[in-house]
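**Q** Here is how the chains run, residue by residue.
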Amino acid sequence: MDEVSTFLIEPFDIMLHATEDGVQSLQARFATWLRTLNAPARFVCWQMPATLDAKINALSRAAQATTDPQRAQLLMEYRRYYEQLDDSAEYQRALCGIAVWSDQNQRALAGGLRSAFDTLVVEGAWPALFTGRYAIRDAPFWHLAPVGRPGGRPLWVLLNSYAFAPATWNFFRPLPPLLRLNFPLALSIDIPKTYERNSAIDALEGIIQAYEVHLSGVRGEDSRSVQRVADCRKALSEINAGDALHLVQISIAIAADDLSTLKERVQAVIHETKAWFSLRHEVGELLARSLGYFAAKRTKHIGLPDTSWPVVSRELALMLSPLGYRKLSATAGVLRGEAVGAAYPVFHDSWRDKRATHEIWVGVSGFGKVRRTAA
Amino acid sequence: MAADFKSHVLLRDEKGLFGIPFKRLLLAGVGAGLTYTLVNLAFRGWSIPIAVLMGVAILVLTAPRGGIPLWNRLVYRLRGWLLLVAARSPQGLIAQLTGMLELPVDLVRLDGARVFAPPSGEVEIDLREWVTFAHAAEVDGLVFVESPLGQEVRHG
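Residue numbers (the numbering used here), protein chains in the order written: chain A, 1 to 375; chain B, 1 to 156.
This is chain A alone, in the form it adopts within the complex (with noise of 0.2 Å):
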């Protein structure tokens, strides 16, 4: 039986590559990788409250331990800015995370998704989406909620997708503004099954074949059938242009404090996805199952009924999207100015290796680049 491997992906930020051929350069190299693709696997983004506490602190010891007192002053003014920024502000920090259930070398799939992906990979458990214990309540609606003291923990809903309706996708919409929602939720991409290439070719040949025999039967007008038979054709060219056919299924877990924000939430994601994709909340024995989508578990042991969809790798790559929203990253560095819609603070550590360092800043005129690097 193959072992499973788990991965941590540091998110990029997508805006380097926010023009027509970076984006598109970026979705042929996700969608190469996914071609490749022969064994299950499971895309897992969390998104967790994060604050700049660990800077603040670092700046006060720096002010405490320095004898210069004009160092000192200039310490505390950044601290106070920190402390502002932190303030006016609820950051989230998102890590991302690859499961693949392969008898492959861990090392050398790691070496595979860091050349496709292009930023740093590395073999590690995944976090957990709580700690402690949890218990499944049912008032005023299906929740997870902690046992004992809460001690911050929040409470839990989990939705899952079932049917996805014929949109355009692309690496902003629709999986970027669930994150932009800017609360605490992890999403998960589970990839139970990618077709072999001929076994992919003969199912879609199957179904245009019964669907055409029930058109010429029919009478009157069947749109669905013509655009399931075009839909169809669509898929077979794009999988004997190189495409693989992957069976998919989104999870999205959503936390908060108390139940009415919970709710609103809730309704927030399932209404901001609607366009794109149906999102069911679980019930019962559903609900606690479908944790399982966010941990390294095998969906068949999951063992939720199975309402994932078929998508060809050009249209998986897109669902790989949070990888190009990094939000918080490390705070280790001196601040390089914003991200992510201008909301997110940048450091960056270019001492890191005690070497010296020359720095290119590369952006579109206007937004600073100058003024930064002169501060």
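For the record, the hints were derived by calculation from the structure and aren't laboratory data.
Values in this document were obtained by computation on a predicted structure and should not be read as measured data.
Each residue gets a CB set at the ideal place from its N, CA and C atoms; glycine is no exception.
Be careful, since some hints might not be right.
Partial pick of chain A residues on the chain B-facing surface, computed with a CB cut under 8 Å [unchecked claim]:
#1 VAL218
#2 LYS234
#3 VAL346
In silico lysine-lysine, DSSO-like type, Cα no more than 27 Å apart, as pairs [to be verified]:
#4 B/LYS23 with A/LYS234
#5 A/LYS297 with B/LYS15
#6 B/LYS15 with A/LYS234
#7 A/LYS234 with A/LYS193
#8 A/LYS274 with A/LYS234
#9 A/LYS263 with A/LYS193
#10 B/LYS15 with A/LYS274
#11 A/LYS274 with A/LYS263
#12 A/LYS274 with A/LYS193
#13 A/LYS297 with A/LYS193
Following the hints, put chain B in place on chain A, whose structure we already have.
**A** What follows is chain B alone, placed relative to chain A:
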């Protein structure tokens, strides 16, 4: 940079009547027919109304809700309710029933450390990756040299 998502290309969903797919109508018809045949053996006068009711019930219960047929969703909801009651009163009748049905009562109380435990074997080193350590086309084994740029000396 974009992709147009398609309908479910692996699913047959031929047009039926009144927005109900043909396969559900077929199932309801077969179910009603079987009910009529069986009920007709015992209660001749009631067979037609019961068969019609059965057909309608099949149509309603097979309607998808959240991608799952309604009957399946109701079963999961009932199982969830049984699990909750069994967890609240472990000595009660419902708890005994869940025991008989072998329902997973542990799903009601979840421990984050167990649910999200890293997979076993995570830290094991796969020695297959070290096969290429030895010189190609030579015997496997450690290679010692007398000095940094010296000739290799083989052992074993």
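**Q** It remains to establish, for every hint, whether it holds in the given structure.
**A** Hints versus structure:
no. : hint                   : verdict
1   : VAL218                 : holds, 7 Å
2   : LYS234                 : holds, 6 Å
3   : VAL346                 : violated, 24 Å
4   : B/LYS23 with A/LYS234  : holds, 25 Å
5   : A/LYS297 with B/LYS15  : violated, 38 Å
6   : B/LYS15 with A/LYS234  : holds, 21 Å
7   : A/LYS234 with A/LYS193 : holds, 20 Å
8   : A/LYS274 with A/LYS234 : holds, 24 Å
9   : A/LYS263 with A/LYS193 : violated, 33 Å
10  : B/LYS15 with A/LYS274  : holds, 24 Å
11  : A/LYS274 with A/LYS263 : holds, 16 Å
12  : A/LYS274 with A/LYS193 : holds, 25 Å
13  : A/LYS297 with A/LYS193 : holds, 14 Å
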